[in-house]
Amino acid sequence: MEDTELLARISAGDQHAIETLHERFAPGMYAVAMRVTRSERLSQEAVQDAFMAVWQDPLRFDPTRGSLGPWMFTLARYKAIDAVRREAAAKRRTAEVDLELYEAPDNVHDEVWRGLRRERLNAAIGGLPEDQRRALSLAFIQGLTHVEVAEREGIPLGTAKTRIRTALFRLRAALETDLSEGDSHPGDSPGVPGTGDHLRAPAGRRGRTQSGLLRCAIWFGSIIEQALKEARFVTARFDAEPTAAAGGFL
Amino acid sequence: MSDSPMPELPQVPDQLPQDGDIAAPEFLASLLADGDDDMAAWVIGQALAERSRVKVYDEVVRPAMELVGARWREGQWSISVEHLASVALNQALSRVRPPENPESRIGPTAVLAAPEMEQHIAGLVCLAQILEDDGWHVENLGANVPADDLVGFISARDVDLVAMSIGTADRLEALRRAVDAVRAAGGDVAELPLIVGGHGVASITNLAGASRVCHSLADAQQFARSLSRYPGDVDRR
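As they're listed, the protein sequences go chains A and B.
Position 136 (the first sequence) corresponds to 136 in my numbering; numbering is contiguous.
Position 54 (the second sequence) corresponds to 54 in my numbering; numbering is contiguous.
Everything labelled a hint here was simulated from the structure, so no lab data went into it.
The beta-carbon is built from N, C-alpha and C at its ideal position, and this holds for glycine as well.
Treat each hint with caution, since some may be false.
[Stated by the list, open to error] Quick list of the computed label-pair ranges, beta carbon to beta carbon: (1) E74/B / E2/A: 17 to 27 Å; (2) D219/B / T64/A: 43 to 53 Å; (3) P99/B / R41/A: 27 to 37 Å; (4) P7/B / R38/A: 44 to 54 Å; (5) F153/B / P63/A: 22 to 32 Å; (6) S67/A / G35/B: 44 to 54 Å; (7) E2/A / G35/B: 24 to 34 Å; (8) D170/B / P63/A: 24 to 34 Å; (9) A90/A / F153/B: 49 to 59 Å.
[To be verified] Computed far set for chain A versus chain B, every beta-carbon distance over 10 Å: (10) R77; (11) R152; (12) G154.
[As the list claims (entries may be wrong)] Here are some of the chain B residues that sit facing chain A, going by a computed Cβ distance under 8 Å: (13) S4; (14) P7; (15) D21; (16) A24; (17) E26; (18) F27; (19) M39; (20) W77; (21) S78; (22) V81; (23) V189.
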């Protein structure tokens, strides 16, 4: 059967004709596709795609411009290149997902970390005297200046500053004790929360020096500041339950 | 466009077609026009596994390049595509170059060149490989060789054959000048066997001063083999 007759039959939906075409050209097309993809799976796909294209639109072939065989091989080559392109795109997507999964433990840890910090902070704040807790909340949650805290509380400015400062020291002390007994490594390199550094192995014990303790103090200070900043996002709850600090300040 | 579902086609067996129809000039031309020298070399290699080099170059490579030229002349392919095809072909040919034959280093010497302004050298590369297969030592000077320079080059060497090629007929005059210069050199050089070929000589059968106008690589090979210093067939298929 001539090429043009074969294509005319395919155009009419003759399934036997496409099978004949397959028998005639598929091995060569597969070889061409293999040369492009170096993959049996992709080559099979490419050949299948090529025959699907011929089945759907056999009149794409113009017999005045050449013979059918080279056209089929060229079609297989283009479909093979498409298959490689698809595969490469799929690999890129997979790599992106892998990267997200790889990064996920840090995010999970951060979430756990924040949860622990909230719990400990809640407990520490709950342990503060009422006047200090109120001054702290006015300064760090409602964002008032020390002068405004003094006016709101009807106390001298020095007293307001003392209450806030004393509250912070108590929180720092409470959290320092709490976290030192927990799973962190004060005195070692504590790492930077949120970066995953604190998951890594601690530095050698020889590094536990005065500067290490200083870093530790700064770190705890930053924890409190960060925790208090976070607490500003839950002011509604605080306002609704101003006296329930021990039960759920944050 | 067919609306009925395509029948389920079988998996393709992992084997090449026995008739080698992958090596069709049209397919090779499309590969070259796409600059796919890797697959072009593979296609030529598939053909070389079943046919002699001279047959493959005459029956596959030359028609492919003629097709490229035709599509350029018809305006279907741009000059850039034609140049890309030429470069891809040269790269593909270098990949299928015959293995070095020790005897070709001491074999008779053939000097190949394209005359002034001629840039097409694929024919020379094909001929060089065919002659190397036959045990010749080939010195291919490539494109755009001035006539006087060519004469100076071959005068300084022990040369046994000169072959020149042009891709288009508008280089015929340059070819004539080169042939005349060789013949006017006097001495042994003037007597050297000199053949001309390429698509540019397709319309002529004789050229003054040329030993033969070759219309195929087989023709050129046959002439080279007829020379008294022909070294013998190394790989005659």
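Here's how the hints hold up against the structure:
no. : hint                       : in the structure
1   : E74/B / E2/A: 17 to 27 Å   : holds (25 Å)
2   : D219/B / T64/A: 43 to 53 Å : violated (31 Å)
3   : P99/B / R41/A: 27 to 37 Å  : holds (35 Å)
4   : P7/B / R38/A: 44 to 54 Å   : violated (29 Å)
5   : F153/B / P63/A: 22 to 32 Å : violated (49 Å)
6   : S67/A / G35/B: 44 to 54 Å  : violated (23 Å)
7   : E2/A / G35/B: 24 to 34 Å   : holds (33 Å)
8   : D170/B / P63/A: 24 to 34 Å : holds (33 Å)
9   : A90/A / F153/B: 49 to 59 Å : holds (57 Å)
10  : R77                        : violated (7 Å)
11  : R152                       : holds (78 Å)
12  : G154                       : holds (85 Å)
13  : S4                         : holds (4 Å)
14  : P7                         : holds (4 Å)
15  : D21                        : holds (5 Å)
16  : A24                        : holds (4 Å)
17  : E26                        : holds (4 Å)
18  : F27                        : holds (4 Å)
19  : M39                        : holds (5 Å)
20  : W77                        : violated (12 Å)
21  : S78                        : violated (17 Å)
22  : V81                        : violated (15 Å)
23  : V189                       : violated (45 Å)
Comparing the model with each earlier hint shows violations of hints 2, 4, 5, 6, 10, 20, 21, 22, 23; every other hint is respected.
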